[in-house]
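**Q** Here are the chains, one letter per residue:
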Amino acid sequence: MSDERDPVVSDEGTAHAIEVTINGETHKRTVLARQLLVHFLRDTLGLQGTHVGCDTGSCGACSVIVDGQLIKSCMMLAPQVDGASIETVEGLAQDGELNVLQRSFNENHGLQCGYCTPGMLMAATDLLRRNPNPSEDEIRHGIRGNICRCTGYVNIVKSIKAAAEAGAGAAEEASR
Amino acid sequence: MSSVPVAQTTVESVEKPDRLGEWSGKSIPRKEDGRHLKGQALFTDDKWQHRMGYAHFVRSPHAHARIVSVDTSRAEALEGVFGTLTGDEVKDLSEPFFQIAPPPGGNLKEWCLAVGKVRYQGDAVAVVLAESREIARDAAELVEVEYEPLPAIVDGIAAADPDAPLLHDEVGSNIVWHGVYDYGDIDWALENADHVVKIDRLHFHRFSSTPLECNAAVVNWEQGTGVIEIFSNNQMPMFASLVIGPALGVPSNKIQFQSQDIGGAFGIKIGSYPQITALALLSKKLGRPAKWTEYRTDHMLSAGHGNERTFVDIQVPVMADGTILGVKVRAFDDAGAYLHYEPLGAVIWSQVVPGCYKIKHVQVDFTETVSNKCPTIPNRGYSRMQHLWLIERIVDVVATELGFDPVELRKHNYIQPEDYPYETPNACVYDSGDLPKALDLALGAVDYPAWLKRQEELGTGSGKRIGIGIGTTLDSGTNNFGQARIINPELPFSGNGEAAYAKLDLYGEVNLNLGTTPQGQGHETTAAQVVADILGMSPDDVNVTAGFDQRHNTYVAFSGTYASQFAVTGLGAAMGAAEKLRAEILKVAAYALEADEADLDLGGGQVFVRGDRERAIPFIGIANLVYSNNAVLSPELAGSVSLNCRHVYVPPFQVPDHEAKTGNLTLTYASQTHVCVLEIDEETGHVEILDYAVADDCGRVINPMIVDGQVHGATALGIGAALFETFEYDDEGQLMQSSFYDYHAITALDAPHIKTEHVQTPSPFTPNGAKGMGEGGGAPLHAVCAAIQNALDDGAPVVSESHNSWERIYRLINHEPNAPRGVEVVTR
Ligand code: FES
Ligand code: FES
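Chain order of the listed sequences is A and B.
Residues 1 to 176, numbered by our numbering, are exactly what the first sequence covers, in order.
Residues 1001 to 1828, numbered by our numbering, are exactly what the second sequence covers, in order.
Here chain B stands alone, though its shape is the one from the complex:
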C-alpha cells in the first residue's frame, strides 16, 4: 500500500461549559413566531421611506450581445419617472467588483450594470426609478437598447474549448480557474485494484432553492452624511460590504446594512450585491431612496442559480471485498456569465473529499468555466452536494455493477464510529459520527425488509416498479475561509468567527444582539435558550434583538447567516458574551452581598448565596449599582464592569497549505442519512414517493423541533430538485423556466411525509457540542437517484443526471435493449 498522507491537522478539543441543560435541548416554541402569525413581521418590501422611488431593471433579452446603444429618453419623459442609470454611467461612477480568482480568471471585469456587452439573458443594462412599481416597469419597457447579437455558449464543458465564443476578452478564455487536487496515490490504486469501475459522465443540474421572498432592498445614499443606508434581505451583508465599498470608493463605515425578517435565502441571497450597488448609485444621482423588489421572473433570470457540475472520465478502483480505494475524475463547474462568489465553489467541495467513506486516493482535475447563463451563487448544500452526489452515485454504481448489497457496501466503506476524529486525505478532520447506526435507524424507519419483500412480490407485469435508495451525506459547517487561498494564494482570508453582544439593561433586563441575519432558522429562540441557561433565567426574559442593524449590532467580517454554522459560531458568540456578563454580574453581586463569588449562584433573574436564597440581589439591583448608583461601589469595581459584554467566537483553525491543497477546511461534520422508497409507473414514468426517512446527526441539539424543521426543509427542496426543479437553457441561451409555472417548486402534494430519526454524536471541537446544520448536503438527490436506479433492470443505463423528470425516467425504463449504459468494469 502506498503512503497515506501524514497527519498535519490538529484541532483542540473544547472544554465544555456545564451550564447548558435546563433550556438547551428543549423544543421550546419560537420567539419570532408571534409577529409572523399576526402579519406584523418586517420584510424588506414592507420598508417604506419618504420620497422613495421604485426601481426596475432593464434586462437583456439576448444571451450574448454587444450593446450598441442605450436610449433612456422616452423612459425619462414618462410622467412619474425620476430618472435612470445606465452601464456607461456606472463605468464612470464606480470600479469593477474585486475578483476572488487569480489572473487570468481574476482579470474578469464586472460592474453593477452591463458595460459594453451583455453576457446572459437577464443581464441588467439599465435601471429606472419612478413613483410607483407600475410606472417603473412601464418605463423600463421604454428604454431602447440596440444590441448586436453574438454567438452564445451554454455548455460548461464546450465553453472550455479554445474556439468557443469568448465571454470576457480580458480573461483570454472561458476557463476562469483550473487546479488538480491529488491526494494519496490514485495511479497505484488503479493499478492494484481488483476491479476498476469506469463511468463516462455524471451531470449535476442547475436549480435554485428560490426563496419565497425575492431579493429586495431599499437603498438611500444619505446626502447629508454620505452614509449609504441599505435595508435589504442580503444574507451575508459584511461580504457584500467588502465588495460594494471598493466598487463605490466609500469606506466601510459609510455603508450601513440593516435587515429584519428575511423570507428564506438558502445562499441565493448572498448574490444581491450588484443590484444594491446600482441602487446606491441611482439613489445618489437622483437624491432619493431607491426601493427594489424583484419580480419572480427577475429572480429566476438573474438572482443566481446553484452550481452546475459535470463529471467525466470517472475511474473507481475497488477491491474484491468491496473496499473502494479511490476516485479519479475530471470535473467541470459552470459558473455562468460572471463570478459571483466563484470560484470558491472550486474548492469548497473539498471539505468532503471522501464523502462518508474511507476512500484514500483521490484525484480531481477541476475546471471552472464561464458560459452565457445566469451567474451561479451558493445554493443550500453549496458545492459539497455536487461532490457528495458524485460519491454516492459511485457507491451505488459499484454496488450494482459488482453485485454488492448497497447497505453492506456502505457499511463496509463507511468511516466507523471509532475512527473519529477522522482525518481525510486532504487533512480535513471529521469531528464525530456514527454512520452505521444512522443508516440502521433510517432503514428501520421505513421498514426496509418489508419494502424489499414488496419489491420482490411486485414482479414484472404489474406495470409498476418499486425502487429503494440510500443517500448518506455530510453537512460540513463552520468553514475555514483560509480555503480561499487554495483558489488564490494572494487572498488575505483565513479562519472564521461570529460576534454577539450581551448586556444588562437599565432595569436589569437581559438583551442580546447577534451578527447574524437569520431567514427562518430561529436564532432569537436558540440564542435565548443558551443565554438563559448561562444566566439562570427563562428564555422568555432574554430579549434577542430581531434582525441585524449595522449601526448597533456587533459584527465581524464573517457575520451573516450561511454555510451551516450558527449553532457553532453564532451560539458560540452568544455563550461567550453571556459568560462575560455572568462574570460581571457575579463580581458586582459579591460586592453587594459581601460574599465570596465562589459561593454565589444565578437563578430566576437573581444572584443568591448558595444555600441561603434569602441573601440575594436581583438583576435590577446589579443594574442600579452599575448604571445609576455607582458611587456606592469601590472605584476599582466601578471602573472594571460595564454590564455590556461583547464576545467574538473564533474557531480553532490554521491556514491551509495552498500548494498541497490540504488543511482543516471546516470545523464540524453533521451527517444525514436518507432512505427513499418510490414507485414508478412504467407507462408514464410518473413517480410517487411511498416512504421517506432521514436520520440526522448534528451533535448536541439545542432545539430539536428547529433541527427537525431544517431537516424537513432541506429534504423537500432536495426531492424537488431531484424530480421537479431544473433551470435549462436552449441553444440560444434562453432560459426555459422563468416563473413558477415552468419551474415547478415542490408543493404539499408532491412532498412526502418525512420521518425523522436522530443520532447525537457531540462535536468535541465546538463550545457546546453542537454541529452546524441546515443545508442537508443534497441527500435527497442521492437517495432519489439511487432509488430510480434500483427500480431499473440490470441492462438499464446508469442514472447519470441529478434531475430526473418523469419523461427522463420513462426513457430510462424503456431504454433500447443495447443502449450504451455509460459504465464499464475492468477486472484484473
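In isolation and in its complexed conformation, chain A is listed as follows:
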C-alpha cells in the first residue's frame, strides 16, 4: 500500500530535504518543518501500518524503531530523521511470510481489532532484542507504553512469551 499522496503546497514554514532509510529502502523527500514523523510515514509515504491513537505520546500505536531505538513517531518531527534508519511494522514479515513474533500473535490471539498491533509488535521486537527471555513481568514493563483497549493484554503477553520461547528473541538479538 505505497500510494504516494499529493504534496501539500500551501503550508507555510520551512521545507527540509531529508534522506531516510525505511525497512532497507531509501527515500529522499522534502518535508515541512512541522510534519510529524508518523504523518510523514502514513500520509507522505503511504506506510499506513503505523497508527495514531492519541496526540500526546501516551498510547504507543505509532511506535517504530529509529536507529535501533524504540520511539513514538507522533513525538518526533520528520526533519529529525534525516539520515536515520527506521524500522516499521511493514518490515517485519520476510518475503511475505510472518516472522516468529507475528506468527505467535496469530497463534495466541494476541490481537483483536489490530489497531494497537503494529505498535505492540515494534515494542515487543525492541524488548526481545534487549532481553531474549523476558519474564511475564518484564514483558508487561516492556509494553507499558502501549495501550490496547481490546485484549486486556493477557494474550499479548502470552504471544510475546511464546515468541521468545520459539526463538524470536535470540533471532532479534543476532540481527542487531
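Simulated from the structure, these hints should not be mistaken for laboratory data.
Computed from a prediction, not measured in an experiment: that's the story for all the values here.
It is possible that some hints are incorrect.
As the list claims (entries may be wrong) - Here are the simulated BS3-like cross-link-like pairs (lysine-lysine), alpha carbons at most 27 Å apart as the crow flies:
id, chain 1, residue 1, chain 2, residue 2
1, B, LYS1026, A, LYS161
2, B, LYS1047, A, LYS28
3, B, LYS1284, B, LYS1109
4, B, LYS1198, A, LYS158
5, B, LYS1453, B, LYS1464
6, B, LYS1411, B, LYS1198
7, A, LYS161, B, LYS1755
8, B, LYS1437, B, LYS1755
As the list claims (entries may be wrong) - To be clear about the criterion: a stretch of chain A counts as covered by chain B if any three or more of its residues have a C-beta under 8 Å from a C-beta of chain B, and this derived list gives those stretches:
id, segment
9, 110-121
10, 128-134
11, 163-174
Cβ coordinates follow ideal geometry from the N, Cα and C atoms, glycine included.
Use these hints to put chain B with the ligands onto chain A, whose structure you have.
**A** Then chain B with the ligands, alone, in the frame of chain A:
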C-alpha cells in the same frame, strides 16, 4: 405472598442443525490477523481520495453559552483552506435529527452543528475543510466565535429541579424521560419482610471504553449521482443511515456506508452520525471529499461517554433466611447535552431487572435528564451494567449488614439451573445457565479458601488489607427493538435480525458476506467455521468478505455490530445462507450424478454419493453447470437455482406490552462470574490486584480462543473503569480528563493476569446454541467494589461509587469514626 406476574412470554425452542462440529468449537487462528500483523489493514484514516480535504471541527470552550456570532472570514482567508460550514448554514440546509423520546423530551432539537446555543464543552459550532490536517487545525483556531456564557448544570439530579438552568427551551425542563417500572408488589414485600435494608445513594460514574482508533470518516457527496459515499468506522451504519437520511432529506438508497477494519468501538462508535452529517454538507458545499479523524482530545470531549446513573432511596426487603424479596429505587440517568441513542438507556437496563437472582418485586422510578456534559452513547455493557452494579452492590450490602456469607447469600438467591427457562418479573425469559457452578469454578480458580486464610492471617497492624469480591453479571444479547416502544409507544420498531449472503463463485469458490461491521471480534473466522461445517469444507476455503460495503453486502435495518449478538444473529444468518446454498448444490449434484439427493453428502469441496466417493462432483462442476453450461440442465432446474443465497435470521420475538412495560426484551443471557482478590495499602490507598478469575457461560462456543479474548478485554476495561478511568466535570462544566494523560486507560502494568473458566449451557432459543457475548456486563466494577468493601472494617461507609481512585479508597479506609455509613437496617 402476593401474586406473581402471569407468564406471558413464550419463546419457541429451536431445532438445532446437526452439522456444526468439525470446525465449530475449535480455537482456529483468525483469518483477519495476517493483514493486521503485516500493517496491511484498512482503517478509516488509511482511506485516501483524490481532491480530498481534511476537516477539523471548531468546538465550544464553554459548557453552556449563547452563540452571538461566528466569523469564519479569517479562517477562509488562510492559504490552503477550502471552506467552512457553520451552524446557521446547517439550520438552512438540513433538518434536526429525529428523536426517539416522545414529547416533551422528543421536542428537543439537535442539528449536526450547534445552532443558537452550545450546550457542552466540545459542542461543535463550525467545521473547516483544508488541504492538510495541520492547516485545517490552524484554520479552526482562526474561526472567531463570540459567546455569551450561561449558567451550566452538571449534576444529573439537580438538573431535574424546575429552577435549574434549562438546556433545551423547547422541552420545557431538563427531564427528557420519566417512567415507573413496577413489577410484583413491592409495598407488600416491604411490609412483610423481616428486614428492610436502606441505602441512601449509589452512583455509577461516567467513563468510556475509548477505542484506540478514534472516530473517523471520509464523506463524499458525489455531485454526479447524488450518492453520499461514507467510508467510516461507524459501527451501526444502518441506524446512522436512518437518522442521517431525513436530516439531509435524501433517500436511504443515496447513502452508502462502507468500512473495513475498525479499531475497536465498544458502542462508542454508534455516535458519529452528527459529524458524518456535517461532513456530508461540507462535501456538498465545497465539492470535495471530506476526511475527518478525531484527535484524541476531540474524542474525549465529544465522541460520547457511557451513561452516568445515580440511584437514591434504595429499599431492599429481605427475609430472615436471606431471601431478597425485592428492590425499590429511584434512578436518575444523566444523558448529557443531547439525546444520542437515548433515552433507550432508560429501558435497556430492564432486560436484567432481577440480575441473577429470584427477586420478584421491583419498583424503579426512572428519570432521565439532560445536563451540560458530553452526550452519552452506548458503552460496553450499556445500561444493563449500571443496573447490575446496583443489584450486586445490594447483595453485598445485604450480606455485610445482615451478616450473611456473600457466597452463600448469592447461591441462596441465584436463579437455579433447574429454573430455566426462567421468566423474570417483567416477562423476559432467561434461556439457560448454571450460576452456582460458575461461582464455584471462579472461586476455585483463585483458591478462595487460601485467600480467606491469608486475609485472616494478615490481621491488623500489617498496613495492608486484603479484600475479596464477587461480581455475578449477565450479558443479555440479541435485543428486541420492540423495547423502544416502552419508551415511546409511537415508535415503529420491534424484533431484530441480521442478513448474510452466501454464493458459489465462478470456479466453485465459496464466498460469504455479512451485514455486520466487526471491530476485532473475528467475524470472518467464526462465520467461516460454521459455513465450513455446513458445506463440508475447510474454513480456509471459505472467503468471508472483509468489512461492510452497502453497495454489495446484504443488510437489514438492524445490521451492524453492537449489543452482544453476532453469535446468534450474524451466525444465524450465515448458517441460514449456507444451508440454502447447500440445498441448491445438492439439487444440481443430484441431477448431475443421477442420484437421489437423500443419498448425497458434502465433503472436501465435493458432493459425493454416500458410500461411493468415486461418484462425485466438485463445486467447480456445480458452478460450471449453473453459470456457464446451463443448457445441459433441465429448464426447471436451471430456472430454480442461482447459487446466490441470501438469508435473514429473525429471532422469535413478540411486541412488548408498553403499558405494563413487560415482554421478552432479549433472546439470550450469557453470564460472567468474576472473583477479584486485591490488596490495599492503608497508608496510600494504593490497590494491587493479587488474583482474578472469570467463569464465563455463553452457551455453545464457536471459537473458544475468541470468546476468551472477549472476556479478557471486557475484564480489563471494567477494572480500568473501577480503579483508573473516569470522566469528571468541574462546576463550570469543564472536562477534567481530556487526554490519555488525565484519563488513565488501563495499561499492561495495571491489568492483572486473568484466569478463565467455562460453563457451557447451550441456549435452547438460538440456531446454534450460542449466546451473544462480549460486553461482559461490567462485572469487574461489581467485583472490585465488593472487594474494596470486603477490605474495609465494619464501621466503614458503604462503597457507593463505581469508581474508586486510590484517594477515595484511602478516605474509605481512614474514615471518621462516626462517619455516616449511607445504610440503615430496619428489622421487624
Ligand atoms: S499516537 Fe503516538 S503515542 Fe499515541
Ligand atoms: S487489539 Fe484493539 S487496541 Fe489492541
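**Q** Compare the structure with each hint and give your call.
**A** So, going through the hints one by one against the coordinates:
no. : hint                   : verdict
1   : LYS1026/B to LYS161/A  : 23 Å, holds
2   : LYS1047/B to LYS28/A   : 24 Å, holds
3   : LYS1284/B to LYS1109/B : 23 Å, holds
4   : LYS1198/B to LYS158/A  : 46 Å, violated
5   : LYS1453/B to LYS1464/B : 15 Å, holds
6   : LYS1411/B to LYS1198/B : 22 Å, holds
7   : LYS161/A to LYS1755/B  : 17 Å, holds
8   : LYS1437/B to LYS1755/B : 16 Å, holds
9   : 110-121                : holds (count 9)
10  : 128-134                : violated (count 0)
11  : 163-174                : violated (count 0)
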